[in-house]
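Undergrad: Protein sequences appear in the order of chains A and B.
Position one of the first sequence corresponds to residue 1 (my numbering), numbered consecutively onward.
Position one of the second sequence corresponds to residue 1 (my numbering), numbered consecutively onward.
Derived by calculation from the structure, the hints in this document are not laboratory data.
Computed from a predicted model, the values in this text were never measured in an experiment.
One should not assume that every hint holds.
Unchecked claim - With a Cα cut of at most 27 Å, we get these calculated DSSO-like pairs of lysine-lysine:
id: 1; chain 1: B; residue 1: Lys315; chain 2: A; residue 2: Lys475
id: 2; chain 1: A; residue 1: Lys475; chain 2: A; residue 2: Lys433
id: 3; chain 1: B; residue 1: Lys278; chain 2: A; residue 2: Lys433
id: 4; chain 1: A; residue 1: Lys115; chain 2: B; residue 2: Lys315
id: 5; chain 1: A; residue 1: Lys412; chain 2: A; residue 2: Lys358
id: 6; chain 1: A; residue 1: Lys343; chain 2: A; residue 2: Lys4
id: 7; chain 1: A; residue 1: Lys438; chain 2: A; residue 2: Lys413
id: 8; chain 1: A; residue 1: Lys432; chain 2: B; residue 2: Lys315
id: 9; chain 1: A; residue 1: Lys115; chain 2: A; residue 2: Lys358
id: 10; chain 1: A; residue 1: Lys214; chain 2: A; residue 2: Lys358
id: 11; chain 1: A; residue 1: Lys412; chain 2: B; residue 2: Lys315
id: 12; chain 1: B; residue 1: Lys27; chain 2: B; residue 2: Lys278
id: 13; chain 1: A; residue 1: Lys465; chain 2: A; residue 2: Lys433
id: 14; chain 1: A; residue 1: Lys115; chain 2: A; residue 2: Lys4
id: 15; chain 1: A; residue 1: Lys433; chain 2: B; residue 2: Lys315
id: 16; chain 1: A; residue 1: Lys413; chain 2: A; residue 2: Lys433
id: 17; chain 1: A; residue 1: Lys478; chain 2: B; residue 2: Lys315
id: 18; chain 1: A; residue 1: Lys438; chain 2: B; residue 2: Lys195
id: 19; chain 1: A; residue 1: Lys465; chain 2: A; residue 2: Lys432
id: 20; chain 1: B; residue 1: Lys194; chain 2: B; residue 2: Lys17
id: 21; chain 1: B; residue 1: Lys32; chain 2: B; residue 2: Lys15
id: 22; chain 1: A; residue 1: Lys413; chain 2: A; residue 2: Lys435
id: 23; chain 1: B; residue 1: Lys27; chain 2: B; residue 2: Lys195
id: 24; chain 1: B; residue 1: Lys32; chain 2: B; residue 2: Lys278
id: 25; chain 1: B; residue 1: Lys15; chain 2: A; residue 2: Lys438
id: 26; chain 1: A; residue 1: Lys478; chain 2: A; residue 2: Lys465
id: 27; chain 1: A; residue 1: Lys413; chain 2: B; residue 2: Lys315
id: 28; chain 1: B; residue 1: Lys278; chain 2: A; residue 2: Lys432
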Amino acid sequence: MMIKRFLPFGAALASFCLVSLTGQYAALFVQGWSFSSWLYPLLFTAALESSYFAAYFLTPQVPLLGRVLELSLFLSPLYFLSAGSKALAVESLLVGGAWLLARGYGRQFAEMEIKSAYLSDYPPSAINWEYESLESKGYGAGPAVEYFWRRFFAFGSGAVVLAIIAERSNFVLDSLTRVRLGVLTTGSLFCLLVLQTGAYLFRLQILWEYAQAKIQPGLSRIWLKSLSVFLVVALLAVNAAPVNYSPFSLEKIGPRLAGFLQRILEGPALKREAGSDFPAAAGGPGFLPPPSEAEPSWWIAVILLIYLLSAGGIVLIFFLILLGFLIVEFSKKELGGLRGLPKLAVRVFKALKRVWQKLTGAAWAEPEENVFSPRPAGVKEEFLFSRLRFSSWPEPRNIRAQFRRMVRLGRKKGVSFRADHTAGEYGFCLQKKLKEGKNNIALFIAGYHRVRYGRDRLGPNEQSKIMALGSDLIKEIKNLGKEE
Amino acid sequence: MIQLPISSVQKFGQKMKENISRVIVGKEMEIKILLAALLSGGHVLLEDVPGVGKTILARSLAISFGGTFSRIQCTPDLLPSDITGVSVYDQKLNDFVFRPGPVLAQIVLADEINRATPRTQSSLLEAMGEGQVTVDGVTYQLEQPFLVLATQNPIEYEGTFPLPEAQLDRFLVRLDLGYPSLEEEDRLLHRLQKKHPIHELTACTDPTQVAELQNAVTEVFVEDSVRDYIVRLVQSTRTHSQVRLGVSPRGSLFLLRASQAWAALSGRDFILPDDVKKMAVPVLAHRLRLKTRTELRGISAAGIIEELLAAVAVKAEPKIETDL
Numbered sequence: 001m002m003i004k005r006f007l008p009f010g011a012a013l014a015s016f017c018l019v020s021l022t023g024q025y026a027a028l029f030v031q032g033w034s035f036s037s038w039l040y041p042l043l044f045t046a047a048l049e050s051s052y053f054a055a056y057f058l059t060p061q062v063p064l065l066g067r068v069l070e071l072s073l074f075l076s077p078l079y080f081l082s083a084g085s086k087a088l089a090v091e092s093l094l095v096g097g098a099w100l101l102a103r104g105y106g107r108q109f110a111e112m113e114i115k116s117a118y119l120s121d122y123p124p125s126a127i128n129w130e131y132e133s134l135e136s137k138g139y140g141a142g143p144a145v146e147y148f149w150r151r152f153f154a155f156g157s158g159a160v161v162l163a164i165i166a167e168r169s170n171f172v173l174d175s176l177t178r179v180r181l182g183v184l185t186t187g188s189l190f191c192l193l194v195l196q197t198g199a200y201l202f203r204l205q206i207l208w209e210y211a212q213a214k215i216q217p218g219l220s221r222i223w224l225k226s227l228s229v230f231l232v233v234a235l236l237a238v239n240a241a242p243v244n245y246s247p248f249s250l251e252k253i254g255p256r257l258a259g260f261l262q263r264i265l266e267g268p269a270l271k272r273e274a275g276s277d278f279p280a281a282a283g284g285p286g287f288l289p290p291p292s293e294a295e296p297s298w299w300i301a302v303i304l305l306i307y308l309l310s311a312g313g314i315v316l317i318f319f320l321i322l323l324g325f326l327i328v329e330f331s332k333k334e335l336g337g338l339r340g341l342p343k344l345a346v347r348v349f350k351a352l353k354r355v356w357q358k359l360t361g362a363a364w365a366e367p368e369e370n371v372f373s374p375r376p377a378g379v380k381e382e383f384l385f386s387r388l389r390f391s392s393w394p395e396p397r398n399i400r401a402q403f404r405r406m407v408r409l410g411r412k413k414g415v416s417f418r419a420d421h422t423a424g425e426y427g428f429c430l431q432k433k434l435k436e437g438k439n440n441i442a443l444f445i446a447g448y449h450r451v452r453y454g455r456d457r458l459g460p461n462e463q464s465k466i467m468a469l470g471s472d473l474i475k476e477i478k479n480l481g482k483e484e
Numbered sequence: 001m002i003q004l005p006i007s008s009v010q011k012f013g014q015k016m017k018e019n020i021s022r023v024i025v026g027k028e029m030e031i032k033i034l035l036a037a038l039l040s041g042g043h044v045l046l047e048d049v050p051g052v053g054k055t056i057l058a059r060s061l062a063i064s065f066g067g068t069f070s071r072i073q074c075t076p077d078l079l080p081s082d083i084t085g086v087s088v089y090d091q092k093l094n095d096f097v098f099r100p101g102p103v104l105a106q107i108v109l110a111d112e113i114n115r116a117t118p119r120t121q122s123s124l125l126e127a128m129g130e131g132q133v134t135v136d137g138v139t140y141q142l143e144q145p146f147l148v149l150a151t152q153n154p155i156e157y158e159g160t161f162p163l164p165e166a167q168l169d170r171f172l173v174r175l176d177l178g179y180p181s182l183e184e185e186d187r188l189l190h191r192l193q194k195k196h197p198i199h200e201l202t203a204c205t206d207p208t209q210v211a212e213l214q215n216a217v218t219e220v221f222v223e224d225s226v227r228d229y230i231v232r233l234v235q236s237t238r239t240h241s242q243v244r245l246g247v248s249p250r251g252s253l254f255l256l257r258a259s260q261a262w263a264a265l266s267g268r269d270f271i272l273p274d275d276v277k278k279m280a281v282p283v284l285a286h287r288l289r290l291k292t293r294t295e296l297r298g299i300s301a302a303g304i305i306e307e308l309l310a311a312v313a314v315k316a317e318p319k320i321e322t323d324l
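Extracted from the complex, chain B is given alone in its bound form (with noise of 0.2 Å):
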């Protein structure tokens, strides 16, 4: 395989973005986190309120992505079979046929997430985790890039099950989008007052040149030093007081691989502190487990996030005395 160059990556990015935000009004970090996600071959859990444009970002980028697409409406009644396929009795053949399920797709769109129970989620794990689905004894290989695009809804609790430890490990990033401001709000309401433009948004890639650019990608340039903060950030975690669980190594390979995207994404082929601490708080945040005393107080994990990034050194340059 031909490497691309690092420049081809911030094309791709910035010709992404244009698309996506033919439809997403505002949200460029999220957009670029997004596509660092996408690059860094990792799967993405998007967490709001209902209304905000989850699903929309998710279908968008899965458009403009140009790949094999499919979305699983999550529900309690969902079965792993429902997810992963199933083997039905072809008549014809005189024999069981595998028919595939959603997951068997390039970018996989699992709508509200919580809603499915524990035993429907876990179905999932095997494909983000290994990239390979296994029905009834044979394991199917997925066509890469794949990516799962979960959504998820904070606020309601009735009717749904909070994702298991393992399952939120294996989600790349985590991404809140907020409620828009003021003036994107108002371009929303202008640019959707006739017809919605996600339904004249077009593929602007293909599988292929992702998969060319996920590779391009991990021949960033990572300097031993930014290593070393990365790995004393994430120990940092594991030794906080007000942490139960703190962030697992594959948190800080995922750490080091969106940092290695962003960083391609800005036109660099040498990542900087200022991209680990940018992809931190959605990296890291959703991995850790706080105390319960900690959350009846109100703190939550992205804080205690901030609150590391602002207390580990950066050792810019470890011969200067820093200030407190």
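Bound conformation, chain A alone (with noise of 0.2 Å):
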């Protein structure tokens, strides 16, 4: 079951939460405005038809008229809700917000299956796992699991960022607009972390698709764990924002720790008899008394210690992150000779990193030379296919994919793609090899330069004519030499 057919859904209620979040606070900005309750279903059903149509219909020959139309079909009936009064423009800028947001989220799942076509130029057992493989990255283009990424941080920091705003201005909240704003940002949170792992889910099930991998049933379901454990960071993010919509805000919970924390300390203090003689008013409430000779608070001092153990570990971690930082900039990969403290620091700083790249999916990884490479490291490419069979592979699913099959096979059958070689040029010498296809060939470049080089896409009946082509092509140059 391919996830990608939920995961508009998933994008719409993201993009309608997140407007419809920002829509709340501008009512508690704008004076005299307020988020009428009809917009909420206005906004779902733009975000939701935005979505699943540019997932699976949106292409670049979609006539910018037919864009505008689908997006007015959405604006129209504000006219009519908001009784042409000022609101329409903020209104209309809402709902035009959650229908580009949902379309951006739509077209980057096209996108992904698009960019899935390269992985047919590989063998089957050629596929990896990595990051790289995983986050599709290296085809001219950024990774599209990034996006997820990228747009799940600055959403989130937006929220906060909003919820503080709000907070610090002092507005007088009803219940119900609390209720709102902390379900609409639960809901925000929630959305885009289901959104990132779905995505990450995608594209693991297109890989498992071309790597025709067996997968276990239990996987699902360790899946759907690691998904509730995201969404429990997620909510614990959310309330421990600094706002006191939820009952675990950090304005609740910080006073009792602190009292609690206070509780302990002053243990002794409390214990004391009522009639001793120590100035307990002289310090004032909270007031430390010094240890007694009579009575020695030995764990007072443990406590004491443990605590600047504590502060200084962390200094010193701190101290070492900040040295490792500045030795692995500095010195880049010279770091071979390294001895002493700075080794260490350089450790710490690399365990760090790669915590830190683990927890954020390598969102900040170093950059490669090979970003992308489905073949085991060291290995020749020409080896690698010279030991495995062309029939194994998955068939090529685009048009370019089918050219780069031809370059292989017609590499194996001595007719070499130099650097230097567009595809027209190595059309033409492959049309010398060949004898049914001479003529399909320049057909098929033809194609192929279009949808390489040119500003729309073929319709699918030109496509699949095209790619019929090819496969005969790839069909005549397999059997190559074979005759003779």
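Mind docking these for me? Both chains are given alone in their own frames, and the hints should help you get the complex.
TA: Pasting the structure below:
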């Protein structure tokens, strides 16, 4: 079951929550405007239509007029619902925003599927499971999965900033607004995380399909478990934000925690007898009395020691991280000769970096020379391909993948693809070798040119015709030399 | 202005080519390059030995184009004012009146341009670069489209002044016509046996249409990798060991424009690396200044460009490892 069919729904929900949340805050900040309840269904419908349309039907060939009409489908009811009031502009912005936001997500899902065609360039056994492959990096565009991360961080930060501004502005919020804000903030982050993890799962499913992997049924359960952990973290993150919409906010937890700690620290003082001559009032409330000789408070010394050690440890770790960062940044890759403290600092920094990369899905992983390399490291392409049977490879799924397959097959048959070769020149070289496909190669290359360098995509009929030509050509190239 | 479709550029190309071919035998590639230059709004330098049809080709294009045409026969005693025009005193008006020179036409044929002195050659710079002429402190805008077709003979050195780099850089393409093939020469003799067909040649388009087509050509789509290829190709000329002066940024811009025009003339609304390769020698070769040592070895600028075309990777499919 491909998760793609559900992802646009998640995208629509995320867009709806985010835009509704923005609208709620706008209602607080803009005097004389209130967020009408009829906006909810409109925002959600616009987002839902936009994300599904972008994920399944949107192509560059859809004319601008069509897109404008699509958007006006949702904007025109606004005119009647808002009865031509001044709020129309703000409400239009919100609907347009939800529509555009969902469109961006939907487009990414479609892009992920398009980019996956590169995987058919390689035999199933050569597809690896590393971050590069998972994030579909290195296709002349930004990695698709990273897109979701960026949006998650940007929108999550935006929601928190809005909440803080509203809190600092001392707005008087009724209980219903508080509930709405709480639900929408939680919902936004919840949906964004679901989208993020869903996008990873989608990419994994694509990889599984191309790698012809048999997946254990329990894997989905593990996935769901991981997702629920993520969601709990999200809930905690939302509730730890410095706003008091939730019973678990810092403002409520903070004083209780402080009181609890103070009680522990003031334990001996509270136990002191009432008739003691120690001047409690001199230090004021919360003053810690000096340990008396008669009753040595050795455990306070232990606590202080632990505290000092912890504080010292934290300072030391921070110092090591900073030092490690500076060394790594300035000396780059010449780290082999390091000894002692600098070596330790670099190790600590790298460990922290690795942990961070794992937590953030390698969002800022170091760029590597070979960003997407489905073949094992150190193995030359010629060697790899010479050992594998092309018949076991998945069928190329688009025209560009077909061309790449032709090049690889052609290379085995002695038609080399030089660095200075254009596709047209290579087609000409192939033409000399082929017998039946002599005429077809020119047609195929013309189609390839349109796909590779053109502004518009081919229509489905045209594409299937060219792909049929491509399949015939691939077969003919495979059979080259066999008859002789 | 209404945007014309790319197919109309191809039709225009066909029509012009057929018209010019009534006079010029063969040379289809050269005619297409000439049309590409016209559609890119660039100027053309026709360079070859005498008698291969440079002037006839330029005149055929000018007549087919249908706009205003003037011819400057360059000689060492030609003055800048003979090109740009001069203010003369009109006794009736009791004032100076500007008498426009031949450069204030839409197609200007500067025949044997290297026979004019550098000072006179430079009087064309402003017209070619900015589409305007300044005389006595007054600036006159040239009517668009404006095209300078210059011819020169590379063999004769006596009484000639080589074009300066700044002047050469303003030419979009330099074309070598070369000798006709046996069959072409035979057809040529047959055709010119009685009278020259250029006298019967008529215009097959008009300047307004050409201006619209020039506009349409700028809309030809350039994919990022093709733009990158152009940049890398031009960059490589600047670091080549046998080159003293590489191609300027104006050269890369001209290469892009010429490739766009070539694609449009081929009926495409996007350019291919093949278009860039086709236009590279005509657009870039005359911009290179080779080291003296290289010139003495008989290596030509066109040869260097060919070498670079074979060395710079096209990156048609970045995911494929290429063979050397």
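Undergrad: Now tell me if each hint is right for this structure.
TA: Hint by hint, here is what the structure shows:
Pair hint B/Lys315 plus A/Lys475 holds up; C-alpha atoms about 25 Å apart against a cutoff of 27 Å. A hinted pair counts as satisfied when its Cα atoms are at most 27 Å apart, and A/Lys475 with A/Lys433 qualifies at roughly 13 Å. For the hint pairing B/Lys278 with A/Lys433, the CA-to-CA distance comes to about 24 Å; that is within 27 Å, so the pair holds. In summary, the hint linking A/Lys115 to B/Lys315 is supported, as the alpha carbons are separated by about 18 Å, within the 27 Å threshold.
Pair hint A/Lys412 plus A/Lys358 does not hold up; C-alpha atoms about 40 Å apart against a cutoff of 27 Å. The suggested pairing of A/Lys343 with A/Lys4 is violated, with an alpha-carbon distance near 46 Å, which exceeds 27 Å. Our distance criterion of 27 Å between C-alpha atoms is met by A/Lys438 and A/Lys413, whose separation comes to about 16 Å. Between A/Lys432 and B/Lys315 the alpha-carbon distance is near 23 Å, which keeps this suggested pair within the 27 Å criterion.
For a cut-off of 27 Å, the pair hint linking A/Lys115 to A/Lys358 stands: about 24 Å separates their Cα positions. For the hint linking A/Lys214 to A/Lys358, the alpha-carbon distance of about 26 Å falls within 27 Å, and the restraint holds. Distance restraint check for A/Lys412 and B/Lys315: the Cα-Cα separation of roughly 20 Å lies within the 27 Å cut-off, and the hinted pair is therefore satisfied. Proximity of B/Lys27 to B/Lys278 is assessed by CA-CA distance (about 15 Å); at most 27 Å being required, the pair is judged to hold.
A distance of roughly 23 Å separates the Cα atoms of A/Lys465 and A/Lys433; the hinted pair therefore holds under the 27 Å criterion. The suggested pairing of A/Lys115 with A/Lys4 holds, with an alpha-carbon distance near 14 Å, which does not exceed 27 Å. Restraint check: the Cα-Cα separation between A/Lys433 and B/Lys315 comes to about 23 Å, which is no more than 27 Å; the hinted pair holds. About 9 Å separates the Cα atoms of A/Lys413 and A/Lys433, which keeps this hinted pair within 27 Å; it holds.
Distance hint between A/Lys478 and B/Lys315 is fulfilled; the C-alpha atoms sit about 24 Å from each other, no more than 27 Å. Between A/Lys438 and B/Lys195, the direct Cα distance comes to roughly 45 Å. Violation of the 27 Å bound is thereby established for this hinted pair. Distance hint between A/Lys465 and A/Lys432 is fulfilled; the C-alpha atoms sit about 23 Å from each other, no more than 27 Å. Annotation: proposed proximity of B/Lys194 to B/Lys17 holds, straight-line Cα distance about 23 Å (limit 27 Å).
Between B/Lys32 and B/Lys15, the direct Cα distance comes to roughly 11 Å. Compliance with the 27 Å bound is thereby established for this hinted pair. Distance restraint check for A/Lys413 and A/Lys435: the Cα-Cα separation of roughly 14 Å lies within the 27 Å cut-off, and the hinted pair is therefore satisfied. For a cut-off of 27 Å, the pair hint linking B/Lys27 to B/Lys195 stands: about 21 Å separates their Cα positions. This hinted pair checks out: B/Lys32 and B/Lys278 have alpha carbons roughly 11 Å apart, not beyond 27 Å.
Note on B/Lys15 and A/Lys438: the hinted pairing is violated, with a Cα-Cα distance of about 30 Å set against a maximum of 27 Å. Pair hint A/Lys478 plus A/Lys465 holds up; C-alpha atoms about 20 Å apart against a cutoff of 27 Å. The straight-line distance between the Cα atoms of A/Lys413 and B/Lys315 is roughly 22 Å, inside the 27 Å bound, and the hint therefore holds. About 21 Å separates the Cα atoms of B/Lys278 and A/Lys432, which keeps this hinted pair within 27 Å; it holds.
Comparing the model with each earlier hint shows violations of hints 5, 6, 18, 25; every other hint is respected.
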